[in-house]
Amino acid sequence: MTGIRAFVAALAAVALLAFPAAAQKNVVNVYNWSDYIDEAVLKEFEKETGLKVVYDVFDSNELLETKLLAGKSGYDVVVPSATFMSRQIKAGVFRKLDMSLLPNRKHMWDVIQQRVAKYDPGNAYSMNYLWGTTGIGYNEAKIKQRMPNAPVDSWTLVFDPAIISKFADCGIHMLDAPDEMIAAALKHIGEDPASQDPKVIEKALKPLQAIRPHVQKFHSSEYINALANGDICLAVGWSGDIFQAGNRAKEAKKGVEVTYMLPKEGAQMWFDQMAVPADAPHPLNAHRFINYMMKPEVIARSTNVVQYANGNKDSQQFVDKEVLANPSVYPTTEVMARLYTISPLGQKAQRAATSVWTKVKAGK
Amino acid sequence: MQHGLSRFNVVSLTLGIAFLYTPIALLVLFSFNESRLVTVWAGFSTKWYAQLLRNEGLMNAAWVSLQVAFVSSTIATVLGTLAGVVLARFGRFPGRTLFSGLIAAPIVMPEVITGLALLLTFVAISLDRGVLTVIVAHVTFSLCFVAIVVQSRLLAFDRSLEEAAMDLGCPPVRTFLTITLPLIMPAVAAGWLLAFTLSLDDLVIASFTSGPGATTLPMKIYSQVRLGVTPEINAISTIMIGIVAAALAIASLIGKRRMNAERSQ
Amino acid sequence: MRSRLHHRLIAVGKRLGITGRGLAIAVPYAWLAAFFLVPFAIVLKLSFSEVVIAIPPYLPLFEWGEDGSFTVNARLDNYITLFTDDLYWRSYLGSLKIAAISTAVALLIGYPIAYGMSRAPAAWRPVLVVLVILPFWTSFLIRVYALIGILKKEGLLNLALTSLGLIREPLTILNTDIAIYIGIVYSYLPFVVLPIYASLERFDLTLLEAAADLGCRPTRAFWTITLPLSLPGVAAAALLIFIPAVGEFVIPDLLGGSETLMIGKTLWSEFFNNRDWPVASAVAIALLVLLVAPIVYFQRLQAKVAHGERW
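Note that the protein sequences, when read in sequence, are chains A, B and C.
Residue numbers for the first sequence follow my numbering, so the first one is 54 and each next one is one higher.
Residue numbers for the second sequence follow my numbering, so the first one is 100 and each next one is one higher.
Residue numbers for the third sequence follow my numbering, so the first one is 8 and each next one is one higher.
Check each hint, because a few of them may be wrong.
Simulated pairs of lysine-lysine, DSS-like, Cα-Cα distance not exceeding 27 Å [unchecked claim]:
1. A/K412 x A/K171
2. C/K52 x A/K306
3. A/K307 x B/K355
4. A/K143 x C/K52
5. A/K197 x A/K125
6. A/K219 x C/K160
7. A/K412 x A/K401
8. B/K146 x A/K306
9. B/K146 x A/K303
10. C/K160 x A/K197
11. C/K104 x A/K195
12. A/K78 x A/K306
13. C/K104 x A/K412
14. A/K307 x C/K160
15. C/K160 x A/K303
16. A/K125 x C/K104
17. A/K143 x A/K259
18. B/K146 x A/K96
19. A/K401 x C/K52
Restraint ranges, calculated between C-beta atoms of paired labels, are given here [stated by the list, open to error]:
20. A/S153 x C/L44: 47 to 53 Å
21. B/S144 x C/I174: 31 to 37 Å
22. C/C223 x B/N359: 33 to 39 Å
23. C/L44 x A/K159: 53 to 59 Å
24. B/I116 x A/K105: 17 to 23 Å
25. C/A167 x B/R191: 52 to 58 Å
26. B/G194 x C/A107: 30 to 36 Å
27. A/Q369 x C/K104: 52 to 58 Å
28. C/G172 x A/Q262: 36 to 42 Å
29. C/P177 x A/N79: 44 to 50 Å
30. B/V109 x A/A415: 43 to 49 Å
31. C/L173 x B/T196: 50 to 56 Å
In short, the hints are calculated from the structure, not lab data.
Even for Gly, the Cβ is constructed at its ideal location relative to N, Cα and C.
Only chain A is shown next, with the shape it has when bound in the complex (with noise of 0.2 Å):
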């Protein structure tokens, strides 16, 4: 019997552990993308503010999307991509931003917020995180095996069959992100990248048709251990993510170098935005943490730390010299110009680059 009654007493004691009291006042929750901040930043907040930071956080916009539109998420500062953050605002899913809780968003960047303002009109809604290009890692000493001089600035590394069935043996990843994937196929054929008609997404199908037989796979997070440990030569990536895989090579001392490029053909530009859900449980203290965040030494931080490029222009004095300097990073002002955005496709567009996708990945 005692052993029972033990037993209960266990099972108590582990409920009352579990459900501490709900709602409290001075809290923040805030939902970001895993390993994206300098975690120090969070208690520095709180001392200075008095606030207690609830801090979680997410790998796919596509798991956010689907807390935000069942409602009541319970989160005070979201960060979705900007793509996704445009739908999610026509469906109502956050408060306009309250401008004069925000004095520190004069220290952002202009041209930043201008490309925004296609997702977000007027900047009403969100303010930048961090933002980066999508494009290709590659592992120097492989590819240069195998063609030494490879078009390791361009596209054509990628979409031209006769150049990329050189690389196919030692291993190739692509994003599985139609939408990206897609853009960045139209772009090379000289079509619209950011196309909503189904017949201009279904042009993408041959280009991508054509290079299927010589990539190992489509995955989105697999290729950055991948190119670290030298299992892939190259993979269409996030600029961030290629770094990662950069520095985890260097780490591993086994020789691996991964390089990041930005096709000189342009390539597709996205941000991470911070923003307020309608329902957030506590909205006045959702607008501190962002302009905390705004500050532009507490931003520069995350720069440092993750390096992506940041959405404020003042930061970038605390930016460190490398990563300011690194135009993979912080593009030149013509490259930059070249970096196109994509608009978020609609139901019938979404329709018809997912029927692409999916033929694309079954043909092998």
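Since the structure of chain A is provided, determine the placement of chains B and C on it from the hints.
Frame of chain A; chains B and C shown alone:
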């Protein structure tokens, strides 16, 4: 008559355990890897254990996961055992077909949809999402696994013992406690273990049904996949295995001592 | 003390008209009704709906107009899509094939393990049970990464095979269907071993001894006595791996190639890439109908057989 293990038994057990433990051995090995990569060896180091102890987020998530797994598997075992007994022993009752459908359906339902359905339900009844909602979700699908295991064991027995007890005037609840329950105990224990494992491993349903501050270990780990898994996660897995193994060793020692004590009485 | 409490409980129960039998049915029933049937009803409703950009992202099925009119917006489009687009059929079939092969392989590997466990000395058995389940208390993703480390081109398996001289060129296993089979069998092995073990464990060998006394050879005794008696456990094991394997997403995503079609993956992209909750719900409902009906029928049959034996 030869009791115990034949050569065939020994070989199949050894091979089976080797199959199960090869990846685990690798996992433990790489928790001591010098490099950050979990698939390439670069020298011995214990730095990931040191780093793990400083990683508050990961430790918190592990704690949340253990709580959820313990509470949900216990509730699921009670409910699932009842359901298994009902299915195997109660014959016909109104709503029986629906009941057996309800036991099978949560296993069939793809996790994404189970997660979404529960999420929408919790939103509809305005239940704040957190640890509690994850527990409810885990109980719901793991109780079905328990029920199926218990039911299969009961079906393998005929009812002669239970019927004899009832014929001798033993009330049904008493019969259940003194005869049926000991008979199905191995299945109940197996069911609890499966339920605990299911809960500890679940990523998709927990992601849908949790709220601010309730991050389970799989959620935490998955969120790090983008930037690659670090050996810290191998380290936490190694510690988990170590703790369970130690707990078992102690439990079996105590059990043995008690058995000896009982025997000497 | 237990019996006093027990008597009091029974007395209270009788006054309220509750029997132990009724309670045993009602408690799990109520739980499943609240947390499965209600959510299921929501999904069913969703599957007849249509996507919109709003919170929630689908049209309400029933609408009360301000003038008191009532309209039902049920649409069958989502189910028609399932029948007309061959993607779904091919995904269902692909899933069934992969689940069936994995189940067969897992039973072939799992049965001897469970059998060995049940024949081991009684003191070892709990230890063996824990040994089987222990690997699964590490994180799932970590185990999958360990499998990747074994299966990849420069991985352990290829290294072992080439150094033994069995193969010359390293095999490509990762990102193929074979990797999916290995992944599923590995991940679900305890779900196969434990139910079979639970049904085998009760033979205290007296039956087999009797058989041996009557001159029955051990292998013969296995086929004629042990195996038939353990069949309910085998059936449970098959259910516990086959059903989840059909809807599996993470294993084919991480270990399999991009061209493998499985319903779990198709549903995932329908839900997350197309953001089409209604179609995704319809896919799930169809899967449920396809699988639950045969299972319920099978269980009825099993119950009938059990009854038959009894009389």
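Taking the hints in turn, this is what the structure says about them:
For the hint linking A/K412 to A/K171, the alpha-carbon distance of about 30 Å lies beyond 27 Å, and the restraint is violated. At most 27 Å may separate the alpha-carbon atoms for a hinted pair to count; C/K52 and A/K306 exceed this at roughly 56 Å. Taking the CA atoms of A/K307 and B/K355, the gap is near 51 Å; set against the 27 Å cutoff, the hint is violated. Straight-line distance between C-alpha atoms of A/K143 and C/K52 comes to about 24 Å, which keeps the hinted pair within the 27 Å bound.
Taking the CA atoms of A/K197 and A/K125, the gap is near 53 Å; set against the 27 Å cutoff, the hint is violated. Distance hint between A/K219 and C/K160 is fulfilled; the C-alpha atoms sit about 18 Å from each other, no more than 27 Å. This hinted pair checks out: A/K412 and A/K401 have alpha carbons roughly 17 Å apart, not beyond 27 Å. A hinted pair counts as satisfied when its Cα atoms are at most 27 Å apart, and B/K146 with A/K306 qualifies at roughly 17 Å.
Taking the CA atoms of B/K146 and A/K303, the gap is near 18 Å; set against the 27 Å cutoff, the hint holds. Under the criterion of a C-alpha separation no larger than 27 Å, the hint pairing C/K160 with A/K197 is consistent with the structure, at around 22 Å. Restraint check for C/K104 and A/K195: the C-alpha separation of about 38 Å exceeds 27 Å, so the hint is violated. Simply put, A/K78 and A/K306 have alpha-carbon atoms about 49 Å apart, too far for the 27 Å limit, and the pair is violated.
Proximity of C/K104 to A/K412 is assessed by CA-CA distance (about 21 Å); at most 27 Å being required, the pair is judged to hold. Note on A/K307 and C/K160: the hinted pairing holds, with a Cα-Cα distance of about 17 Å set against a maximum of 27 Å. About 22 Å separates the Cα atoms of C/K160 and A/K303, which keeps this hinted pair within 27 Å; it holds. At most 27 Å may separate the alpha-carbon atoms for a hinted pair to count; A/K125 and C/K104 exceed this at roughly 40 Å.
Taking the CA atoms of A/K143 and A/K259, the gap is near 33 Å; set against the 27 Å cutoff, the hint is violated. For the hint linking B/K146 to A/K96, the alpha-carbon distance of about 24 Å falls within 27 Å, and the restraint holds. For the hint linking A/K401 to C/K52, the alpha-carbon distance of about 23 Å falls within 27 Å, and the restraint holds. Look at A/S153 against C/L44: about 49 Å separates their beta carbons, and that is inside 47 to 53 Å.
Between B/S144 and C/I174, the C-beta spacing of about 34 Å keeps the proposed range 31 to 37 Å intact. In this structure, C/C223 and B/N359 meet the distance hint of 33 to 39 Å, their C-beta atoms being roughly 37 Å apart. Take C/L44 and A/K159: their Cβ atoms lie about 55 Å apart, and the range 53 to 59 Å holds. Our hint of 17 to 23 Å for B/I116 and A/K105 is violated, since their Cβ atoms are close to 47 Å apart.
Checked against the hint of 52 to 58 Å, the C-beta distance between C/A167 and B/R191 comes to roughly 56 Å, which is consistent with it. For the hinted restraint 30 to 36 Å between B/G194 and C/A107, the CB-CB distance of approximately 32 Å keeps it satisfied. Range check, A/Q369 to C/K104: about 56 Å between beta-carbon atoms, so the 52 to 58 Å window is met. At roughly 40 Å, the beta-carbon separation of C/G172 and A/Q262 lies within the given 36 to 42 Å, and the hint holds.
Take C/P177 and A/N79: their Cβ atoms lie about 58 Å apart, and the range 44 to 50 Å is violated. Distance hint for B/V109 and A/A415: a CB-CB separation of about 46 Å, consistent with the stated range 43 to 49 Å. In this structure the supplied range 50 to 56 Å holds for C/L173 paired with B/T196, their Cβ-Cβ distance being about 53 Å.
Violated hints for the displayed structure, listed by number in ascending order: 1, 2, 3, 5, 11, 12, 16, 17, 24 and 29.
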